[in-house]
Every structure is written in structure tokens, then in C-alpha cells.
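Q: Since the structure of chain A is provided, determine the placement of chain B on it from the hints.
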Amino acid sequence: SQQGEEDPQALSIQEGENATMNCSYKTSINNLQWYRQNSGRGLVHLILIRSNEREKHSGRLRVTLDTSKKSSSLLITASRAADTASYFCATDRRTSYDKVIFGPGTSLSVIP
Amino acid sequence: GAGVSQTPSNKVTEKGKYVELRCDPISGHTALYWYRQSLGQGPEFLIYFQGTGAADDSGLPNDRFFAVRPEGSVSTLKIQRTERGDSAVYLCASRLAGGAGGELFFGEGSRLTVL
Chain A
31 SQQGEEDPQA LSIQEGENAT MNCSYKTSIN NLQWYRQNSG RGLVHLILIR SNEREKHSGR
91 LRVTLDTSKK SSSLLITASR AADTASYFCA TDRRTSYDKV IFGPGTSLSV IP
Chain B
10 GAGVSQTPSN KVTEKGKYVE LRCDPISGHT ALYWYRQSLG QGPEFLIYFQ GTGAADDSGL
70 PNDRFFAVRP EGSVSTLKIQ RTERGDSAVY LCASRLAGGA GGELFFGEGS RLTVL
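The listed protein sequences correspond, in order, to chains A and B.
Going left to right, the first sequence walks through residues 31 to 142 as the working numbering numbers them.
Going left to right, the second sequence walks through residues 10 to 124 as the working numbering numbers them.
Certain hints may be false.
What the hints assert, rightly or not - Pairs of lysine-lysine, DSBU-like flavour, derived with a Cα cap of 35 Å:
(1) A:Lys129 with A:Lys99
(2) A:Lys100 with A:Lys86
(3) B:Lys20 with B:Lys87
(4) B:Lys87 with B:Lys26
(5) A:Lys86 with A:Lys99
(6) B:Lys87 with A:Lys129
(7) A:Lys129 with B:Lys26
(8) A:Lys100 with A:Lys56
(9) B:Lys20 with A:Lys129
(10) A:Lys86 with A:Lys129
(11) B:Lys26 with A:Lys56
(12) A:Lys56 with A:Lys129
(13) A:Lys129 with B:Lys24
(14) A:Lys56 with A:Lys86
(15) B:Lys87 with B:Lys24
What the hints assert, rightly or not - Ranges of calculated distance between the beta carbons of each label pair, as one might list FRET restraints:
(16) A:Lys99 with B:Gly81: 38 to 44 Å
(17) A:Ile141 with B:Gln89: 44 to 50 Å
(18) B:Glu23 with A:Lys99: 45 to 51 Å
(19) A:Ser81 with B:Lys26: 41 to 47 Å
(20) A:Ser88 with B:Val21: 36 to 42 Å
(21) A:Lys99 with B:Thr61: 24 to 30 Å
(22) B:Asn71 with A:Gly46: 24 to 30 Å
Unchecked claim - Some chain A residues flagged as far from chain B (calculated, every beta-carbon gap over 10 Å):
(23) Asn48
(24) Glu85
(25) Thr94
(26) Ser103
(27) Ala108
(28) Thr114
(29) Lys129
What the hints contain is simulated information worked out from the structure, not anything from laboratory work.
By construction, the Cβ of each residue, glycine as well, lies at the ideal position given by its N, Cα and C atoms.
If we strip away everything but chain A, and leave its shape as in the complex, we get:
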């Protein structure tokens, strides 16, 4: 069964707009990670946030984590057409922190 669930499943925005994707999970975690996947390619790591962190930034990416609500969000600011991809959250669970579980993902389309 999936640990994480992302919403929305699909998101279409205009270039220059911000994109927000959400992830919910069910069990306690050590950390949560976000990955990006271009069509037909492998996944690429974007950012990791630990369970004792609330917010993290990396370039145009901002990730928040609310462990009380078991949820995270990924914000991409000033989106570009090249940001078009699928985005997945993944969790390292506290009880089995070697087993990294992915959510179903959000498909983002950025229209030029």
C-alpha cells in the first residue's frame, strides 16, 4: 500500500505562475523527500526535509512539513516550461527507515 498520497493528481499552469503540490502520509517518518521524473526517465532527487524541520528552500523550490497533520507541500515558484514533469513525495518511515515509499505523484504541465 502507498505511504503517501499527492494531490492534485494533475496540475496545469501558465509559465511564470507558482505550482503547489501536496503530499499526505500515514505513519511517523524520519524524513520526507521530493523527486521529479521527466517522461520516460528515472527519478531525480529534489529536496529532503527531516522530521524535525518545518520548512526548507532550494532555489525556486520551497518544501514545508507538518508532522502533526502528516502532510508536506512542494512549491515551485516562477514556473518554467522545463518544470513540466511528474513530482513524487517519498517517505523514510520511522519504524522501517530503510524502506522508502513513494506516493502516486502529481503530473505538472507548465504551458509556455
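A: Below, chain B alone, put in the same frame as chain A:
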């Protein structure tokens, strides 16, 4: 090598045949993961190795699936008596060590098509 390497990149086989998929992780990475990804879905966990041993194989769907990592580096995912439902992209990932978390480095995947 510089990254995680998976071979073959594409494999077409007939129902009932045996298939092997290979993963060569980043040198020095002791943790290795196999995932299966169907179209439009997230990666589904299959098995995780720490060194030579399978630390968690709870995601293997049935006993037709088996994976080995005999020397703690290259891993092979083996699928016996393939079925059409096994068609998917099989992804391999590695990371420095389990337990401490950290990012996974993925290969480009092996696309398996069972006719």
C-alpha cells in the same frame, strides 16, 4: 560508475519466459532498491538490499520474483514464468547507506513488455 546503470533498457518477452534485469549501483553505495512503476503510477517498492542481504523483500508480489546481490554491488532481479501483468518499468536506486536516510539515486529503468 558515475551513476546507476540498468540493463537492458528495454526487454520484450513472451508470456511464460524467464527474465533477468541488472542493476549496477553507484560505487560505494551499500543500499540498493528495486521498484516497479506502471504508467501513470508512482514507484512501487519491491525489495531493498543492505550489502549482500535482502533487508526487506516485502514488496515482491509473489514467488515468481527474486532478486540477488551476491557481492554487495551489482544486483539482478529475476522474474520467472512472466505474465502480461508484469509489464512495467523496473527501476533500481542506490544510496550511501540505509538507516541514515538520504537521497536515492535512480537508474533510467528497464522497460519490460510481456506479450
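Q: Quick one: which hint numbers does this structure break? Sort them smallest to largest.
A: 11, 21, 22 and 29
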